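K.L.:
Protein chains in written order, with my numbering: chain W, 1 to 333; chain H, 1 to 333.
The set of hints was computed from the structure by calculation and includes no laboratory data. None of the values given here were measured: they were computed from a predicted structure. Check before you lean on any hint, since a few could be wrong.
Some chain W residues close to chain H (C-beta under 8 angstroms, calculated; not the full set) [unchecked claim]:
id : residue
1  : Leu-54
2  : Tyr-56
3  : Lys-90
4  : Tyr-95
5  : Met-98
6  : Arg-146
7  : Pro-173
8  : Pro-176
9  : Ile-268
10 : Ala-269
From the three backbone atoms N, C-alpha and C, an ideal C-beta is built for every residue, glycine too.
Number of protein chains: 2
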Amino acid sequence: MPELRKDPITGRWVIISTERAKRPHDFMRETVTLKGGFCPFCYGNEDKTPPEILAYRENGNNAPNSPGWNLRVVPNKFPALQIEGDMGRKGEGLYDKMNGIGAHEVIIETPKHDATIPTMTDHEVESIFWAYRDRLIDLKRDKRFRYILIFKNHGAAAGASLEHTHSQLIALPIVPKRVREEVTGSKNYYQMKERCIYCDIVKQELEDGVRVITENEAFLAVSPYAPSFPFETWILPKYHESSFEESLRLEYKHLARITKDVMRRIDIALEQPAYNMIIHTSPIAEVNNDYYHWHIEIMPKLTKVAGFEWGTGFYINPTPPEEAAHFLREVGD
Amino acid sequence: MPELRKDPITGRWVIISTERAKRPHDFMRETVTLKGGFCPFCYGNEDKTPPEILAYRENGNNAPNSPGWNLRVVPNKFPALQIEGDMGRKGEGLYDKMNGIGAHEVIIETPKHDATIPTMTDHEVESIFWAYRDRLIDLKRDKRFRYILIFKNHGAAAGASLEHTHSQLIALPIVPKRVREEVTGSKNYYQMKERCIYCDIVKQELEDGVRVITENEAFLAVSPYAPSFPFETWILPKYHESSFEESLRLEYKHLARITKDVMRRIDIALEQPAYNMIIHTSPIAEVNNDYYHWHIEIMPKLTKVAGFEWGTGFYINPTPPEEAAHFLREVGD
Chain W
1 MPELRKDPIT GRWVIISTER AKRPHDFMRE TVTLKGGFCP FCYGNEDKTP PEILAYRENG
61 NNAPNSPGWN LRVVPNKFPA LQIEGDMGRK GEGLYDKMNG IGAHEVIIET PKHDATIPTM
121 TDHEVESIFW AYRDRLIDLK RDKRFRYILI FKNHGAAAGA SLEHTHSQLI ALPIVPKRVR
181 EEVTGSKNYY QMKERCIYCD IVKQELEDGV RVITENEAFL AVSPYAPSFP FETWILPKYH
241 ESSFEESLRL EYKHLARITK DVMRRIDIAL EQPAYNMIIH TSPIAEVNND YYHWHIEIMP
301 KLTKVAGFEW GTGFYINPTP PEEAAHFLRE VGD
Chain H
1 MPELRKDPIT GRWVIISTER AKRPHDFMRE TVTLKGGFCP FCYGNEDKTP PEILAYRENG
61 NNAPNSPGWN LRVVPNKFPA LQIEGDMGRK GEGLYDKMNG IGAHEVIIET PKHDATIPTM
121 TDHEVESIFW AYRDRLIDLK RDKRFRYILI FKNHGAAAGA SLEHTHSQLI ALPIVPKRVR
181 EEVTGSKNYY QMKERCIYCD IVKQELEDGV RVITENEAFL AVSPYAPSFP FETWILPKYH
241 ESSFEESLRL EYKHLARITK DVMRRIDIAL EQPAYNMIIH TSPIAEVNND YYHWHIEIMP
301 KLTKVAGFEW GTGFYINPTP PEEAAHFLRE VGD
């Protein structure tokens with residue numbers, strides 16, 4: 001019997017299909033492979049991107065926009081939003097619009113063209129999170145912005161147009177709908193219970209155990225109870241923290257370790273799939289609060305059946321999260 | 001300058017990108033092509049599907065589950081939900097679930113394996129809508145159901161696993177989130193204005209003209225003001241009607257004509273793309289109301305950049321709807 005399960009935060013119901021239950025090898029996966037060719041993110045091509053906003057370099061390699069960097073943040077050459085201008089909010093009859101003001105940046109995570117999170121060192125992965133934090137803190141000073149989305153598309157099937165490993169950041173003058181839903185859902189729960197719903201989820205998942213993939217001192221990786229996608233994975237801080245950039249200094253080390261571990265397991269179980277990774281954090285106006293709990297969501301791109309889901313907001317997931325967690329738990333040890 | 005536009009019903013903001021503006025030939029389209037092979041939906045293979053629930057036959061071809069039908073509705077052989085059983089609502093700690101009770105049916109729209117909406121006759125397309133209506137009316141009698149989703153996935157890229165033209169129906173014991181958002185949004189508007197927001201949209205679009213694709217006596221086809229996807233198209237009844245199945249008898253004829261016309265234009269402009277078509281109608285409990293207005297949404301599958309959009313609910317659309325409407329208007333005449 002298939003099950004309907006409700007995401008406790010947003011109230012979204014998903015069908016967990018059992019008749020069609022799929023194990024890792026049942027998916028028509030596209031393993032991410034490198035095609036090569038010219039790469040604007042490699043050493044020596046620094047002038048092929050807009051000038052860098054931030055770079056991490058070893059001592060002695062201090063000339064900007066030249067090789068020697070370990071991580072580099074640049075404006076997106078084809079930005080979805082434009083950094084300069086005013087908001088220009090206005091109506092058109094019953095419609096509302098505003099200028100597409102915002103920042104769109106690329107985090108070039110390493111000079112190594114073919115690196116992936118599991119093949120990087122702990123230190124390299126940790127620097128990615130530090131770069132996210134540095135950019136968040138800087139961009140939050142711009143009063144036009146309400147939310148900063150950080151995400152990583154890995155592989156063409158997940159929307160990556162360049163194969164050299166990178167993440168993206170979009171600073172927005174609005175709070176995206178999905179973020180607003182999560183914040184509202186967790187606020188409602190807090191009003192009812194005076195507890196953070198994510199803290200309660202962490203507690204219940206640690207007790208139940210069946211959806212736990214791995215954990216360390218600071219973080220827990222689980223297959224969520226009502227995942228929209230097969231092998232969807234969440235990484236949550238074990239203790240309450242409302243925003244990514246306010247995380248304790250030591251934690252990025254633990255976050256790097258668990259992210260590497262999770263991505264290694266996903267790569268083994270699903271044979272290097274394309275995936276999206278998204279940082280979910282509090283909106284800028286409510287950075288410190290008791291109800292929202294920042295976390296990472298990872299969605300391997302395994303199914304094509306998205307059209308109907310897009311249109312309806314209704315998801316059919318062929319892999320129960322307990323099975324996904326079981327595979328990912330077993331595969332890595 | 002890119003624009004941020006707000007969907008007036010759900011409040012979702014989308015980026016309408018201008019730097020990256022894309023015309024039909026800029027998309028890496030996959031034209032839907034037929035691969036052939038065994039087809040369970042063709043004449044003579046009626047025993048390869050579960051027994052039919054409904055069939056339209058000419059006089060004299062009355063034996064069920066044998067050739068001679070013009071349209072046939074059968075249970076999905078691999079249903080996402082199960083028709084028999086009780087709801088079994090229960091909690092698991094802080095989580096909620098219920099049995100996956102529901103109906104999952106397939107509407108085989110014609111015996112012609114290679115037909116598409118533009119190549120069918122007006123009468124054939126009209127029968128599809130009559131079949132939707134017949135099934136809606138029948139399934140609504142089952143008190144366990146709250147919503148009936150009707151959708152069509154055309155082409156593998158849009159999630160179709162069989163190429164013989166067909167639609168699907170899923171009867172659900174819950175109202176999907178996206179439907180609930182639309183209904184709530186239009187209810188809020190009605191409370192403020194005492195007018196249906198879709199009626200206001202029809203009026204404004206007819207006045208503005210720039211997003212109109214085509215129209216007839218009963219229906220209007222437009223590129224919506226804040227589309228999530230390039231070339232997204234809505235077909236709306238011109239006069240207020242809250243539910244698809246309560247539509248006036250004569251209207252399915254007009255609906256068939258405009259749907260054929262719209263799909264013909266999309267096929268020419270975008271070279272037979274894969275697409276999803278979804279009927280948006282009122283939930284069963286509020287079939288007749290003054291605030292919601294049934295309509296059809298069509299989403300050609302042109303972009304791959306879906307991963308980030310899924311995770312965030314935030315959409316970047318590279319084709320302004322005024323340009324999409326212009327192409328579709330010009331191409332067909």
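K.L.:
Now tell me if each hint is right for this structure.
P.N.:
Status of each hint after checking the structure:
| no. | hint | result |
| --- | --- | --- |
| 1 | Leu-54 | 22 angstroms, violated |
| 2 | Tyr-56 | 25 angstroms, violated |
| 3 | Lys-90 | 10 angstroms, violated |
| 4 | Tyr-95 | 5 angstroms, holds |
| 5 | Met-98 | 5 angstroms, holds |
| 6 | Arg-146 | 10 angstroms, violated |
| 7 | Pro-173 | 7 angstroms, holds |
| 8 | Pro-176 | 4 angstroms, holds |
| 9 | Ile-268 | 21 angstroms, violated |
| 10 | Ala-269 | 19 angstroms, violated |
Taken one by one, the earlier hints fail for this structure at numbers 1, 2, 3, 6, 9 and 10, listed in ascending order.
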